[in-house]
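Colleague: Chains as they are written, first to last, in the working numbering: chain P, 1 to 453; chain X, 1001 to 1191.
Honestly, the hints are just simulated from the structure, not real lab data. Every residue gets a Cβ at the ideal spot worked out from N, C-alpha and C, and that includes glycine. Treat each hint with caution, since some may be false.
[Unchecked claim] Simulated coverage check for chain X against chain P, where a stretch passes if three residues somewhere in it have a Cβ under 8 Å from a Cβ of chain P: (1) 1007 to 1018; (2) 1025 to 1039.
[What the hints assert, rightly or not] Negatives, chain P to chain X, calculated, CB over 10 Å: (3) Q30; (4) T319; (5) S420.
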Amino acid sequence: MATDKFRRQLQKEARLWQNEGLISSECYDQLADRYQFANLETVARNRFAIVLILIGSLLMGLGVITFVAANWQDWGRNIRVVLLLLVFVTLNVSGFYVWQRSAQQSWQSMLGRGLLLAGSLSLGANMALMAQMFHISGAEYKLYLTWGFGVLLMAYSLRLPLLGICAIALTGIGYWTGLGAVDMDTQDWLWHLLIQCMPIVASIAYLPLAYWGRSPLLFGCSVLAIISTVFNNFGLTPPASSQSFPDALRNVIALIVMPAWLWSYRHSWSDIRFITLCRKLSILLLIILGFFLSFFDPWLSSYTPEVSWFHWLNLSFFTTWAGYNCYKQIQADRSDLTNSTVLAILGVMALVMVWHGAIVPIPVVATFIFNALLFILGAGLAREGLLGSSRLQFWSGLLLLGLQIFSRTFEYDTALILKSLIFILCGLGIITAGIWFEKYIRCPNPPIQPNQP
Amino acid sequence: MQTRIPALRLWLPLAIQVLMIASIPATATWIYATGKTVILQTAPVDPYSPLLGYSQTLSYDVSRWDNLEKLGKMHSIDYIKRGKPIYIILEAPAQAGNPWRPVAIQLEKPNSLPANQLALRGQPEYGQIRYGLETYYIPEGKIQDINREFEQIRRGLGPDSRPPIWLEARVGADGQAVPVALIVRDRRYTY
Chain P
1 MATDKFRRQL QKEARLWQNE GLISSECYDQ LADRYQFANL ETVARNRFAI
51 VLILIGSLLM GLGVITFVAA NWQDWGRNIR VVLLLLVFVT LNVSGFYVWQ
101 RSAQQSWQSM LGRGLLLAGS LSLGANMALM AQMFHISGAE YKLYLTWGFG
151 VLLMAYSLRL PLLGICAIAL TGIGYWTGLG AVDMDTQDWL WHLLIQCMPI
201 VASIAYLPLA YWGRSPLLFG CSVLAIISTV FNNFGLTPPA SSQSFPDALR
251 NVIALIVMPA WLWSYRHSWS DIRFITLCRK LSILLLIILG FFLSFFDPWL
301 SSYTPEVSWF HWLNLSFFTT WAGYNCYKQI QADRSDLTNS TVLAILGVMA
351 LVMVWHGAIV PIPVVATFIF NALLFILGAG LAREGLLGSS RLQFWSGLLL
401 LGLQIFSRTF EYDTALILKS LIFILCGLGI ITAGIWFEKY IRCPNPPIQP
451 NQP
Chain X
1001 MQTRIPALRL WLPLAIQVLM IASIPATATW IYATGKTVIL QTAPVDPYSP
1051 LLGYSQTLSY DVSRWDNLEK LGKMHSIDYI KRGKPIYIIL EAPAQAGNPW
1101 RPVAIQLEKP NSLPANQLAL RGQPEYGQIR YGLETYYIPE GKIQDINREF
1151 EQIRRGLGPD SRPPIWLEAR VGADGQAVPV ALIVRDRRYT Y
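Isolated chain P (complex conformation) (with noise of 0.2 Å):
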């Protein structure tokens, strides 16, 4: 599908070159056609009125929520519940009726999604206007788990993706504060259990709406949420050197779960833009633990912590589920060579890690090895993009080799003639690279010329 400036850029040529005689007004018209140039105004439009619209129900939202902080005293308490309440669900029927009733993508579906959101919002207003008047005070990370809850319970009910968005939003903002505050001592067992365990709660409570929803955007901030809790919890360190078996095994797994998991993400109803998305955090992941240990002084840790029945619990969970999907992965194609390549990657940190945690310390050979798994995926990139003419793969790969350079020159105590001498080459390597590259994805193969007679 044609992007909105390449259909506007070519209804203004397509009339220069009418005008001209370049070609007949029924080339134009099949153009026009062919390109909905008569949509074009209706787009924009649309699109306006949809950013309008979302601001709005930001706004009335907001302006719920701050009505709270208003006091709102005058009338009754029994008046002023009833008010909210109807606020409330106005809002809600009134979004749904606008948004089912109107067509696909029109600006008339816009509000109706909007008006949904802004009761989603008011719903945390109530929820916390009701605690004011009746005087019950709580921990806010109490309130916003509970609001999360019930968003989340709209958007699965609707299918609406932007719920399921304003529900991550506001169970990450439960997540995170009640991080502190909650304690398994006290009478808030159950909330301290649901945020330990939140890494297995949003996978179960996000992945199939975004499935449904057939929404990358809510998958993506799905998957964020997960790989966020998670290392929260598993609380990453370096691996450390004279750790037993298990205590070294379960330290690497933690560091490798998610990266492995990412890479092997499948699912029967899988889109590919699902996949695409998991692959480049995966790729991200394995690049920022290959350059964070391509260094020396983590290989020296000595530093095992402590950890809860709640990590092995979390850890068993997503280790399974990566287990079982790179077992299937490995079984649907073998000949991949990207995807053998990466697990052999996963594989060969795992095993350096390991040896260097619980048999032998090797930190030497570890960050010899670190160093050339972090180019092999340098180059990886680099590859990728040239074969998919991908400038920003491409570049990646690129960037990925000089600062691993870089952070090899200053990390050792290296001579000023060296660091100069090595700017100076990647200088020129990166001027080269990019002016063959351009050439390269202009005309990657050149014409083949015919036998002259």
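We have chain P; now place chain X onto it with these hints.
Modeller: This is chain X only, laid out in the frame that chain P set:
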């Protein structure tokens, strides 16, 4: 047109959300309707914690560990674990309108009490006991007046004086309490 979604898919989650909203004041409403009225003496207002936002943070005589130790016949404070609720037995004053007096402390809810006594449930936390009565929301328009009155009271307080500020609360059968009114000198503020 969109693929039509049955209206039930709106009304069902909406009903659950309304129940969620209604559940917040449900317990408080029940206690208001069925509970016993009690007057609690507030502890001196911390001069370094001015009125913040739109609520007054309250502390009581029965909020402090050292005050509870003076009760005598009670389990040792060592037995009180943070996280487990405790019950303060309050006795009605001889003269109505005066604050109720703490007479005992128990780890379990008492099965029966004399007519002039009731049990108030508290949650030990970080060196004090919380009763769910620590916050009293005050409307924006009234904050300045109450602030001024509190400031006047604070200036007139001696080191061991009790401020003439009391909280009227309703206590339910299970010991949970909800605030009803703030009594400052002879004025009763209900919000």
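Colleague: Are the hints correct? Go through all of them and say.
Modeller: Evaluated hints:
Given a C-beta distance limit of less than 8 Å, the hint that chain P covers the segment 1007 to 1018 of chain X holds, as 9 residues qualify and 3 suffice. Chain P is given as covering the segment 1025 to 1039 of chain X, and this holds because 3 residues of the stretch bring a CB closer than 8 Å to a CB of that chain, at least three being needed. No Cβ of chain X comes within 10 Å of the Cβ of Q30(P); the nearest lies about 30 Å off, and the non-interface call holds. Separation of T319(P) from chain X is adequate, the least Cβ-Cβ distance of about 33 Å exceeding the 10 Å criterion.
With a least beta-carbon separation of about 58 Å from chain X, S420(P) lies farther than 10 Å from that chain, consistent with its non-interface assignment.
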